[in-house]
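Q: So the chains spell out like this:
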Amino acid sequence: MNSRVITPVQASAVGLLACRTCALVMRRTAILTPPMSCPRCAALLHERLPRSGERTLAWLATGVILYIPSNVLPVMYVSGVGGGEESTILSGVLSFWKAGAWDIAALIFTASIAVPATKFLALGLLLWTVRRKSSGARRQRTALYRLVEIIGYWSMLDVVVVALTAALLQFKALGAAEPRLGIVFFCGVVVTTMIAALSFDPRLIWDRGKPR
Amino acid sequence: MADCANSLLVCPQCDVLHRAVLLRTHEIAACIACGAVLARHRSLSIDQLLALTVAAALLFLLANAYPLMVVEVGGMHTEATVWGAALLMLHDWMMWPAAVLALTMFILPLLQIALRLWLLTFARLGRRAPGSRGALVVLHRLRPWSMTEVFLLGALVAIVKLSSWVHVVPGVGIWALASLTILLTILSVIEPRLWWTLS
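Chains A and B, in that order, give the protein sequences. Taking this note's numbering as reference, the numbering of the first sequence is continuous, increasing by one, and the terminal residue is 212. Taking this note's numbering as reference, the numbering of the second sequence is continuous, increasing by one, and the terminal residue is 411.
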């Protein structure tokens, strides 16, 4: 279809800079001192997000650490006529599965266990390849970054389910539910991994090893 | 500003330079290098956007004024609203997830709708809204943290979960929440980055 081949040119290679907030494109020579704000929206301008790699790694590591107690500790306590029972995220998935609700089980498994794990692996891979200044599969790696951005907040699902269940099941001896400490850690996983994804600058994927 | 080159578009994900072109109906401008969506054709007029935003504000009101679901056990009943669920958790360690829930499911969506209403009302009058610069930056920053659709799915899962123990009736709130989610998705087609060209 294309009669001519288009060679992509990076804005930074031709002395241009775009504002990440309002998309205004400006000449870099107009910017004298490094902490400079956008003339249109006043947001801080950066060629690349400052210390993006370190920040992403720090938030990601925090998320990985919180992921352990969030899965080991119970997230909810449900009591009824037959006594009480604590449940973890995984045991919640299993009880849906055993009750025949495989679809709900799959949904919670995806949102609460698979999505955070995918984020750890994907962001870890992106950080590693950027550090190696790898030049392969740039388009695919940027798509992976977009995937991480899109799926990020769906992990909040279990926090919503626990909060609503606890709010509604308030019948003392006949049935009561309470949130447990695991949900605090789990919420921490969601927030820290979201900040990790926002701290990562995907433009690093496209940067050449040495300045030309 | 002699240094601005506004027919140019830079991909926020790979820094590749593009020349902006006028988009026709249903057209999407994608980055030639990384495939990121750079711009979409805006098929809705300011009037239509404003009407949808007013509708979203009303649905937000309904979704929070009426219970999402009602549970009945032996003559007793409990109800849940978005902020009611968050308030119930507000003690000890649970205040952290409660605060995150209140922010992402209630305060930020409300702020987003209010800011959009403010900007669109002035755009409709053909004027730049006071404080529009700050409003646009806030809208851009808040975008990833507004989670109405997650709340909807969470509420549906909670209904299924609870129905194995007790009798659950979906309330007016959940229908309003579902409609609100659809409206917010339509409205989110206008990315904050593109708002700058609106006024």
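Simulated from the structure, these hints should not be mistaken for laboratory data. Do not rely on the hints blindly, as some may be mistaken.
What the hints assert, rightly or not - To be clear about the criterion: a stretch of chain B counts as covered by chain A if any three or more of its residues have a C-beta under 8 Å from a C-beta of chain A, and this derived list gives those stretches:
{"#": "1", "segment": "256–270"}
{"#": "2", "segment": "275–286"}
{"#": "3", "segment": "358–365"}
{"#": "4", "segment": "376–383"}
Ideal placement from N, C-alpha and C gives every residue a C-beta, glycine not left out.
Q: If you check each hint against the structure, which ones fail?
A: Violated: hint 1 alone.
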